[in-house]
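In full-length UniProt numbering, the protein residues as written are 1 to 74.
Mixed in with the good hints, there may be bad ones.
Said to hold, decoys possible - Calculated cross-link-like contacts (lysine-lysine; reagent style DSS-like; alpha-carbon spacing at most 25 Å):
#, residue 1, residue 2
1, LYS50, LYS18
2, LYS50, LYS37
3, LYS51, LYS18
Said to hold, decoys possible - Just the calculated beta-carbon pair ranges, DEER-fashion:
#, residue 1, residue 2, range
4, TYR14, THR41, 12 to 20 Å
5, CYS36, MET1, 28 to 36 Å
6, LYS18, GLU49, 16 to 24 Å
7, ILE35, ASN2, 26 to 34 Å
8, ALA56, ASN2, 32 to 40 Å
9, LYS18, MET38, 30 to 38 Å
10, MET1, ALA56, 34 to 42 Å
Honestly, the hints are just simulated from the structure, not real lab data. Backbone N, C-alpha and C fix where the C-beta goes; we use that ideal spot for every residue, glycine too.
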Amino acid sequence: MNVQPCARCGYGVYPAEKINCIDQTWHKACFHCEICKMMLTVNNFISHEKKPYCQARSLKTSAKVFNLGKLFHQ
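Let the sequences and hints guide you as you build the complete structure.
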């Protein structure tokens, strides 16, 4: 059996608990929003820089990332 490491925790992911999203393998419990920690599915997430976000947080996150980028690139 080919067990791949989880993108968040690094532990092996077995087929029964596996989600493949954002070109990575995740435990179902590890696939949650980076900000609010809401559990996500393949149907209700948005990715940014290979990290999952809930749709409610995605606009706020995009604005923060853009502003931080401007801050560091001035």
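For this structure, which hints from the list above don't hold up?
-> 9
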